[in-house]
Amino acid sequence: MNVALRTSLVLIGIGIASYGAFLVLTRFGLDQIIGLAIWLAAAVVLHDFVLVPVVTLIARFAFGQKTRSLAEPGSAGSGSGFRLIPGSRRLAITRTLLVAACLISVVVVPEIVALGRGVANPTILPGDYAHNLLWLWAFVVAAVFTVLGVGLIAARLRR
Amino acid sequence: MTTDSSRGSRFDRARIAVSSTLAPSDPVRGPRTAVVVGRLLGLAFAVCFVTGLFSHFLQDPLSWMRFPTRPVTIYQITQGVHVAAGLASVPLLLAKLWTVFPRLFTWPPITSWVHLLERALIGVLVSASLLELTIGVMNIYHWYGWPFSFRSTHYALAWVIVGSLLAHIAFQLPRIIEHWRVRPSTVELDRRIFLASIFTAAGAILATTAGQSTKLFAGINLFGPRRYGEGPQGLPVNRTAAAAEVLTTAVDPEWRLDVSGPGVSRRFTRDELLALPQTQAVIPIACVEGWSTAAWWRGVALREVLSRTGIDPNSRIRVSSLQTRGGYATSVMGPEFASDDLTLIALELNGEVLDLDHGYPARIIAPGRPGVLQTKWISTIEVIA
Numbered sequence: 000m001n002v003a004l005r006t007s008l009v010l011i012g013i014g015i016a017s018y019g020a021f022l023v024l025t026r027f028g029l030d031q032i033i034g035l036a037i038w039l040a041a042a043v044v045l046h047d048f049v050l051v052p053v054v055t056l057i058a059r060f061a062f063g064q065k066t067r068s069l070a071e072p073g074s075a076g077s078g079s080g081f082r083l084i085p086g087s088r089r090l091a092i093t094r095t096l097l098v099a100a101c102l103i104s105v106v107v108v109p110e111i112v113a114l115g116r117g118v119a120n121p122t123i124l125p126g127d128y129a130h131n132l133l134w135l136w137a138f139v140v141a142a143v144f145t146v147l148g149v150g151l152i153a154a155r156l157r158r
Numbered sequence: 000m001t002t003d004s005s006r007g008s009r010f011d012r013a014r015i016a017v018s019s020t021l022a023p024s025d026p027v028r029g030p031r032t033a034v035v036v037g038r039l040l041g042l043a044f045a046v047c048f049v050t051g052l053f054s055h056f057l058q059d060p061l062s063w064m065r066f067p068t069r070p071v072t073i074y075q076i077t078q079g080v081h082v083a084a085g086l087a088s089v090p091l092l093l094a095k096l097w098t099v100f101p102r103l104f105t106w107p108p109i110t111s112w113v114h115l116l117e118r119a120l121i122g123v124l125v126s127a128s129l130l131e132l133t134i135g136v137m138n139i140y141h142w143y144g145w146p147f148s149f150r151s152t153h154y155a156l157a158w159v160i161v162g163s164l165l166a167h168i169a170f171q172l173p174r175i176i177e178h179w180r181v182r183p184s185t186v187e188l189d190r191r192i193f194l195a196s197i198f199t200a201a202g203a204i205l206a207t208t209a210g211q212s213t214k215l216f217a218g219i220n221l222f223g224p225r226r227y228g229e230g231p232q233g234l235p236v237n238r239t240a241a242a243a244e245v246l247t248t249a250v251d252p253e254w255r256l257d258v259s260g261p262g263v264s265r266r267f268t269r270d271e272l273l274a275l276p277q278t279q280a281v282i283p284i285a286c287v288e289g290w291s292t293a294a295w296w297r298g299v300a301l302r303e304v305l306s307r308t309g310i311d312p313n314s315r316i317r318v319s320s321l322q323t324r325g326g327y328a329t330s331v332m333g334p335e336f337a338s339d340d341l342t343l344i345a346l347e348l349n350g351e352v353l354d355l356d357h358g359y360p361a362r363i364i365a366p367g368r369p370g371v372l373q374t375k376w377i378s379t380i381e382v383i384a
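The listed protein sequences correspond, in order, to chains L and B.
Read left to right, the first sequence gives residues 0 to 158 (numbering that gives the first Met the number 0).
Read left to right, the second sequence gives residues 0 to 384 (numbering that gives the first Met the number 0).
Everything labelled a hint here was simulated from the structure, so no lab data went into it.
None of these values were measured; they are calculated from a predicted model.
Hints are not guaranteed to be accurate.
[What the hints assert, rightly or not] If we take Cβ atoms under 7 angstroms as the criterion, some of the chain L residues that face chain B in the derived model are:
1) 9
2) 12
3) 16
4) 35
5) 43
6) 94
7) 123
All C-beta atoms, glycine included, are put in the ideal place defined by N, C-alpha and C.
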């Protein structure tokens, strides 16, 4: 890859980013700059040293290591590179639904908190977001149990 | 791990199981996942940046700038897309950071000055991105919890993000190109599940919030901070008449609209405005927060009022409100808006006399402008240099 091109892109990038920093340093009062610095640092600390470790622990507890053995190396003729061993499709569906529901909650929980703090007029945050989120989770949990239940029955019948 | 060496053997399967506990060889955290998630996130950020610049300069134009007034839905679309892309970026950003997280603990942490620069820029990019999305999401929920100005910060961080992202892409370019296309790999079920989760979440967030900006998704608007068409006269409200402290001044029978230009001025009562030729049009109110609702408006074209006062409609004008509290009590519009046939001094909304919360006795409604510039409870219109 062309080193000169990459070097100039890096320099242009630094220039653009510096403009953002310049805006902060020239247009913000000292209080605001300090406040912003604290929030920037807090965002990283909360993500790297709270959120990720907690999610890592939960993921290990919930999904463990066994998921990897769900895939067997693909047979010579298979184009996909791996083939699913029995049951893995169901686990794929349930894991996808559970992780997606968690990620949706990341966006919706602050909305519920904001609504709890009160709004300036009834057209702001008009929904019952806690209720809707509970329904979403109810759907996901029901789907997970259905899929796993079907899997259990199928496994019994195969035996 | 290559396809050939690991095919089939028990030993390799055991090795796969063990390696999944060790982050560096976790395929979820491989460069291919980083590229797949990263390019989507990069696209979302680029969309946010361009639409954000458009919104920023509509509100704070440089003197030479002129803006499109058609289609009338242009700002409804750009700002709806801005907020939707920002919301979808939340799972994408978390996923991107997840894929590269072990690299935070690379040892030795720094190998050269260039490496130091690269890592410092990544730190800036990560920090700014996390905060940008956090305050963006909080802002659309009206949760103003920060000790700084939202708009100035959101704008400045956008430049920081775009610049450090460009540098990051330049640093990683060979690896991005190497992993741009999928290559056969033995074990990637975990990776597929991971990507499916992220895309499901992003898609679901889009689908369940887009209903605040478009009727198409209104039926599944589970989590949008607004509802399409919900509010007095079928339109959401940001600042009510009570909040703006105009409850008495707006209904005062002595209310007049003062219109003035170089050497000319004229005052209009509401009845006089109603007696002028009326224009009606369907124009959306589109808020910087991303929500919008189309409405039927009726009133006098601004250019009509300017002409009758003896003012060239191709002027830059300032509109002032009766409101005494809160920002956006005045708005400035360039000649492209002032002279537009569809820029109205609106007197009626959806077939009724304008509601007090929507700006009675008269408000500005112009095509393609952010809602904060659609000044309510107007009292003066003046030409500025």
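Going back to the hint list, which numbers does this structure go against?
-> none
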